[in-house]
Amino acid sequence: MNWFNWLKNELESRGHEVFVPTFPTTQGQSLENWLKVFEPLKSKVDSDTIFIGHSLGPAFILNILERLNVKVRASILVAGFLGLLGHEEFDKLNGPFSDREFDFEKIKNNCENFYVINSKDDPYVPLSKGVELAEKLGVDLIKLDNSGHINSEFGFDKFEFILKYIDILEQN
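Residues -6 to 165, numbered by our numbering, are exactly what the sequence shown covers, in order.
Hints in this document: simulated from the structure, not taken from any laboratory. Be aware that one or more of the hints could be misleading.
[Claimed, not checked] Taking lysine to any residue pairs in the SDA-like style, the calculated list, with each CA pair at most 25 Å apart, reads:
id : residue 1 : residue 2
1  : 29        : 6
2  : 64        : 4
3  : 113       : 154
4  : 151       : 29
5  : 129       : 88
6  : 129       : 151
7  : 99        : 66
8  : 64        : 165
9  : 136       : 148
Build the full structure now, drawing on both the sequences and the hints.
Right, dumping it as structure tokens:
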């Protein structure tokens, strides 16, 4: 289950309220279905909210930020991308989330801080996709060495590096 539950437990131990929604993948995966899963959580989003997403999650977060009428504290986007990845199977599923024109002005107005983290050797998401995402958001890309897709397949059952950015946000 990657590092999501580990991070949830870590943040809850610090006193944060954390939600890790279960989105349909492959079977039933669509932007519409993911938005339905998110809908009950929408009322909890406020100026202290920190969104954290991995892989397709960052594109989904951009879709949420475009639809919100509240400015959140931060979005931490891990192994994220815009557009298509050049893998027919992935692009068919991910395209509706990521392959469109986003209103980056609105997205940036709805989020105080962005952290974009990608791996230099991700076999699924080329580093250039992380560069593009960071540029569109007006932030520097945080590049990790030897981290693959930053998931359990590459040894990431924990992701302690991400806590550095949580610590920064907690101090401000």
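Here's how the hints hold up against the structure:
1. 29 with 6: violated, 29 Å
2. 64 with 4: The given pair, whose Cα atoms are some 21 Å apart, holds under the 25 Å limit.
3. 113 with 154: With Cα atoms ~15 Å apart, residue 113 and residue 154 stay inside 25 Å; holds.
4. 151 with 29: Cα-Cα ~28 Å, so violated.
5. 129 with 88: Holds: residue 129 and residue 88 sit about 18 Å apart, inside 25 Å.
6. 129 with 151: With Cα atoms ~28 Å apart, residue 129 and residue 151 exceed 25 Å; violated.
7. 99 with 66: holds, 15 Å
8. 64 with 165: holds, 16 Å
9. 136 with 148: Holds - the C-alpha atoms of residue 148 and residue 136 are around 17 Å apart, at most 25 Å.
Consistency note: the structure conflicts with the earlier hints numbered 1, 4, 6.
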